[in-house]
Every structure is written in structure tokens, then in C-alpha cells.
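In the order they appear, the protein sequences are chains D, S and G.
For the first sequence, position 29 matches number 29 in this note's numbering, and the numbering has no gaps at all.
Each number in this note's numbering comes from the position in the second sequence (counting from 1) with 74 added on.
Each number in this note's numbering comes from the position in the third sequence (counting from 1) with 360 added on.
There is no bait here: all hints are sound.
Which stretches of chain S does chain G cover? Using the computed rule of at least three CB atoms under 8 angstroms from a CB of chain G, they are:
hint, segment
1, 114 to 127
2, 134 to 147
3, 186 to 198
Label-pair ranges, simulated between beta-carbon atoms:
hint, chain 1, residue 1, chain 2, residue 2, range
4, S, H239, G, E405, 43 to 51 angstroms
5, S, V97, G, P549, 32 to 40 angstroms
6, G, E579, D, I6, 34 to 42 angstroms
7, S, R268, G, D575, 35 to 43 angstroms
To give a feel for the contact side, a few chain S residues facing chain G, derived at Cβ under 8 angstroms:
hint, residue
8, P151
9, A157
10, A159
11, G161
12, S166
13, K169
By construction, these hints were calculated from the structure, which means they are not laboratory data.
The structure presented is a predicted model; accordingly, all values stated were derived computationally and were not measured.
Think of the CB as a built atom: it goes at the ideal place given N, C-alpha and C, for glycine as much as any other residue.
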Amino acid sequence: MKGSVIVDEALCKGCELCTGVCPKGVLAMSTRFSAHGYHPVELVDPEQACTGCELCSVICPEAAFTVYRERAAA
Amino acid sequence: MSVDAVVPAVAPVVSYPRSLTPVPTHYCPGCTHGIAHRLVAEVIDELGVQDITIGVASVGCSVFAYNYFALDFAQAPHGRAPALATGLKRVSPGKLVFTYQGDGDLASIGAAEILHAAARGENITVIFINNAIYGMTGGQMAPTTLPGQRTTSSPLGRDVRTQGHPLRMSELLAQVDGAAYVARRSLHDVVNIRRAKKAIRKAFEVQQQGLGFAMVELLSSCPTNWGLTAQQSLDWIRDTMVPAFPLGDFKVPGDAPEAGGSRGPSAAKAGVSTAAGNGRAPKGGR
Amino acid sequence: MARELLKGNVAFAEAAIRAGCEAYFGYPITPQTEALEHMAKRMPELGRAFVQAESEVAAINMVYGAATAGARVMSSSSSPGVSLMMEGLSYIAGSRVPVVLVDIMRGGPGLGNIAPAQSDYNQMVKGGPHGDARMIVLAPATVQELIDLTVEAFDLAERYRCITVVLADGSLGQMMEPAELPPMREPRPAAERAAWALTGAAGRDPHAITSIYLDPEEEEAYNQQLQASYRHIEQDEVRFVEEHMADARIAVVAFGTSGRLSLTAIETARAEGIRVGLIRPVTLYPFPVARLRRLAEEVDAVLVVEMNAGQMLHDVRAATEGHVPVAFFGRTGGVVPMPEEVLDAIRDLHLQLALEEAVA
Chain D
1 MKGSVIVDEA
11 LCKGCELCTG
21 VCPKGVLAMS
31 TRFSAHGYHP
41 VELVDPEQAC
51 TGCELCSVIC
61 PEAAFTVYRE
71 RAAA
Chain S
75 MSVDAVVPAV
85 APVVSYPRSL
95 TPVPTHYCPG
105 CTHGIAHRLV
115 AEVIDELGVQ
125 DITIGVASVG
135 CSVFAYNYFA
145 LDFAQAPHGR
155 APALATGLKR
165 VSPGKLVFTY
175 QGDGDLASIG
185 AAEILHAAAR
195 GENITVIFIN
205 NAIYGMTGGQ
215 MAPTTLPGQR
225 TTSSPLGRDV
235 RTQGHPLRMS
245 ELLAQVDGAA
255 YVARRSLHDV
265 VNIRRAKKAI
275 RKAFEVQQQG
285 LGFAMVELLS
295 SCPTNWGLTA
305 QQSLDWIRDT
315 MVPAFPLGDF
325 KVPGDAPEAG
335 GSRGPSAAKA
345 GVSTAAGNGR
355 APKGGR
Chain G
361 MARELLKGNV
371 AFAEAAIRAG
381 CEAYFGYPIT
391 PQTEALEHMA
401 KRMPELGRAF
411 VQAESEVAAI
421 NMVYGAATAG
431 ARVMSSSSSP
441 GVSLMMEGLS
451 YIAGSRVPVV
461 LVDIMRGGPG
471 LGNIAPAQSD
481 YNQMVKGGPH
491 GDARMIVLAP
501 ATVQELIDLT
511 VEAFDLAERY
521 RCITVVLADG
531 SLGQMMEPAE
541 LPPMREPRPA
551 AERAAWALTG
561 AAGRDPHAIT
571 SIYLDPEEEE
581 AYNQQLQASY
591 RHIEQDEVRF
601 VEEHMADARI
611 AVVAFGTSGR
621 LSLTAIETAR
631 AEGIRVGLIR
641 PVTLYPFPVA
651 RLRRLAEEVD
661 AVLVVEMNAG
671 QMLHDVRAAT
681 EGHVPVAFFG
691 RTGGVVPMPE
701 EVLDAIRDLH
711 LQLALEEAVA
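Same shape as in the complex, but just chain D (with noise of 0.2 angstroms):
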């Protein structure tokens, strides 16, 4: 099942619970700045390995992510 993610910049904080928690290893800090200035969490995910298992979702202090999950084929 495919999945995606997006980061919302404006709300987070690069605490990086989000890099310890995938279970695909697709989230990673950038090495940018955010208006913030912190080092904002991103996908990394050129083989499209995410599931949209919810993880990053659940333990982001920020409610920073959004997640999307193909639904399964009828």
C-alpha cells in the first residue's frame, strides 16, 4: 500500500521524534531552515517506500503531519 506524508514547515520544531519512530527510514531533517528557524523533518522517499502507516503522525508534537494511504483495491 502506497503512502505519503507532508510536513507542515510553519509547525515543526525539528525535534526529530518523527526520524525515530518510521518504520521505513523515509523521514529525515533537512539541513534547511524554517521562518522558525528550525531544521524542518522531510521525505525522503525516492523508492516510495511509505506505507501511511500513521506513525510520524502519532508522535508529532506539532500535528505537523498529513498523511495519505491509497485505499486497498475494491
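Knowing the structure of chain D, use the given hints to seat chains S and G on it.
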């Protein structure tokens, strides 16, 4: 990676809760207040009660909670949130009223207010954030600070001989007949966060059902004042706080006379509902 | 409505009920506990809210919560309990929600005693809640006035979005007098509560009721709003009662029970030929400054009579701006002076004036 491959055809399975205001918070990076806020907002959304829920903010790091929840909110003096909630609920019985309190607010200056709100079986929901320290004022000892834990007012580590022992509020309040639901959960990992959300939902449902006082204590982090990273803080909760503050249900509806029912001399039911293995002795009859 | 023999504490509690008070939160404290007990019986009968709180600290915060919901709400207490309420009162004043508080004063400081006193004047009129907060303070002298002012207190509190205090003493709370209660006014339906109230944000933006303004300039702007409301109160709500002032050369200024017993002394003094009158402030805040300022042109001396060590005295001195001598007679500690004592003080002042005139 291309998000477009998935986004267009599918609505998000997780998105920003409606009951949260979409603004950055002042909480420190990794602070579990953010998780707790999100869980409360998600529960309110799922129950569909955003329009009838009123929150009471307390004093602590979460003093500005009213800026973060898209709900009507009152701001209470330190410790007094359960009293404000009582007044609010008594004149607005059709609304859902909750307080959001830290350990200093609830267990120190507010100890009388929370005890008596529970004793009255006040039909409110209390979200109790226990991070074993005073965050807002810079890291002093809290009533929940652990023995030996260093804080700015216990710089040599909490000495129980002169500075007392920590309070286990869930266990204490569960003993009060008016308390209908008292549970302790933790926010230190995904599994526990999901369990915490279920408990928060139950605490609001207990209010909806008019069963009495409901509280969920959430073991939480304070990376800044603990001097740890966000991840290390969650691990500290798991390794050090959970053994001292056991997780579980200390009171569930059915353990106690219902709020508003006639209360004859009570013979408390023997046996207790609790998560496995916390070693608490069952209540005897009174 | 018929006149009935009513105890002060019961009278103000029932008056509040007749004014549509929806919630009462309090704590037992002598000499006002009968009010709590009356509310404990009546409020549940009427389906309204009553809680005996765990302390006055909790009680005033329950009042605060109910006030944020837009309900008519009150508490009552006595001096030591009112001290406990000061934090809550400041928050209430700082968030501009309407609240009524009845203070039945007793001897102090500290635990003191349960005898009548007027020694909370400074606390309620000058000090009280921390910060630049004022409360309207009404001072009844009879059970009827206690009833009437309690009813008005709710309207004043809502009109100005402030705290209105009914400041009485233990003798008024305990005495029984014939008085008339107003007809019952039903509480406002919940759907008609004020637009600013916390009612659940259905179909509108959420409201936050708070007294926090972290930015000092925002806090100042808020304080300016508060001050503006206080100027309106000062302009429009001053009340006082005058007796025998038309020919007076001495003005007794006294409030509440002191005013009442001073009138007895004044009438005896007048029978002796002393030209003395009474000004009895009914609003202690707003203080009748303009009326007192004119005294310099009317009388040769002022005698302030209080059941304290001299509290309203300073407001009288400030209002008269040094243009007329202001003497003081007071008893402290819960002692209620006999009219004869006030009469002696009037006679002394009269004699003093006569001597000064003779010498001049």
C-alpha cells in the same frame, strides 16, 4: 519523491484536527504537551462535540492553551481550574467542560480543588499532565518529582527526608467515591500514545454519560528542564517514570456509586480493575 | 409584596434569588452563614446551582467559572474569607465578567471575632484585588437597603462588566427587621446569555476569557479600557443619603451601621441645639467626592464615624482637600458604638468650634 502519485486520488487519513487552532505553539521542540493537545482535539473531533466543549486553561506551560484549541476557553488562576470548571458546568449542564492541568497546578497549589471536585463527583473531565517538574517557571521541584531527581529547587536531588515524597494523584483520587474514571497513561511511544487517546476518549464519554468525575493522568516530558533531548526524554519516561507512576485504570465506572444516585453506606466492591501487574492491593469493603 | 420580618443574611440571599441569581457558591463563615444555608435550601428547590465549596478560594473560582458562562452568580463571605477571595476577584476584574459579592464584615485583623465591624473598607474600596482593579461597593444601613442594593448589584455588575460588592457588617447580617422582598424574577434563559459568554463555539469564533496580557503595552491598553469603565461608574453611579444638612454646621459622614446609629446621635444633638447633619455614602466606590468637596462651603467641621481605625476617613479628607477640619470617631475590634458615644463626639466637636469662634 513525488507526492502527486498518491495525493490527488485520496483524502488524507490524518490531518490537522479541527479543534486545534492552526498556529505554531510556544512549547519546546519535543514537548509532549503538543501530543496531549492533539489527542484531546482529535477526541473532541471524533465525538463531534467541538461546538459544545468549553476548556479551562490552568497555569503552567499550558497557560495559553486557549490560543491553541479552537474552543471556548476560560483561563483559571493557578490550581483553581477544577473550581472554575465546577462553576461553568453547574450553570451549563449541557456543555462538556474539561480542565487541562500540570503537576504543580493540580497536585500542589490545586490539591484541594481537585480533591473536592472528585469528591463532589463533579461531571467534568480533567487532563493531568505529569512531567515531574515545574516547566514554566524554569525547572523547580514538583509534587511529582522523583526521589533523587535534580531540579533547580532540589539541586542535590530530591531528599525525601526534608522535601517529601512524590504524590501519586491517580491512586489518591481513585479512592474518592465521586471519581468515576481515573486512569494513568503515558506519551512516551506510539503504542502508549494510542492507549492514551482511548483513555481520553473514555474520560469525555464518562462526562457525556453523567457518571461523575473523570481524569486521565498523562506521563509527559520536559526535555528543556530535564536536560535531555526529545527522544531521551521519552526514554526517561519509559525507564524511570513508569515504574514510579504505574500505568493503568485506577477507577472505572461501575466501581463506585453513580453520581447523583442515592448513596447509602457504601460497601466498596472488593477487587479492582487495573492494568496487569501494577501490584496495587484490591480495595476491601468499607 | 408584603413586609415581613427578615434576618439580614436571609434577606440578601432571597433578594438575590428574586433578582434571578442562577448560582451561589460559598463557604460557611460567621456572621453570614445563614445566607449559605438559605441558598442551600432554596437553590435546589428552584433548580438553580448551589455548591458549598471546600474553601473561599474555591468558592470565588466557582463564581468566576459560572460568570464566564454568562450566568448571574454570587458569593458571600466575611472578612477572613474575603481575604482568601482576593486572588479570584483580581482575575474576575481582569477578565471583566460580572460578579456580585456580599461581605458581612467582622472584627479583625486575623481571625478576630464574629462581632460587627467596618474594617474591610480599605480592602474593598482601596485595595483588594491586586492590580489597578476597582469594584463597585454598596453600603446598606438597613435590611431593606440590603435587599434593594443586592438586587441592584446584579444589574450594576452586568452593566459595567465588573464586580459589585455589597458591604455590610455582622449586625446587619444578623438583625431582624420588617422589610419587603421584590417579586421573583426568573433567571435569564441560557440561550439569552451575553454574546461574550462561554457557551460553546457553535457557529462563531471561539471566545477566550483570560486576564493575561503578556505584552505590557497591550496590558496598558486593557487597563485603559478598565479605567474608562471606572470613569463611567464614577460619573453615573454615585449615591448617598443626606439628613438635616440644610442648616448643618457640622457634617457627620458615616456609612452603613455607623451612619444609622449616627443619625440617632444627630437627632439628639439637634434637639440640644447643635446644628449637625449626616451624609451617608451609599456607594463607597464610586465615592461621593463632588458632594463632599462642597462641604467646605457649608460646614465648619466634619466628623467621620466608622467601626474601624479610620479608613473612609482618608477618602473624606482627600475629597475635602484640607478646606475643612475632619475629625474622627471610631471603635475597632468588633465593638459597635452606642449612639451616646457618637453624641459625645459631636458635642466635643461642637464645643471645640464654639471655643475657636470665641477666641477668634
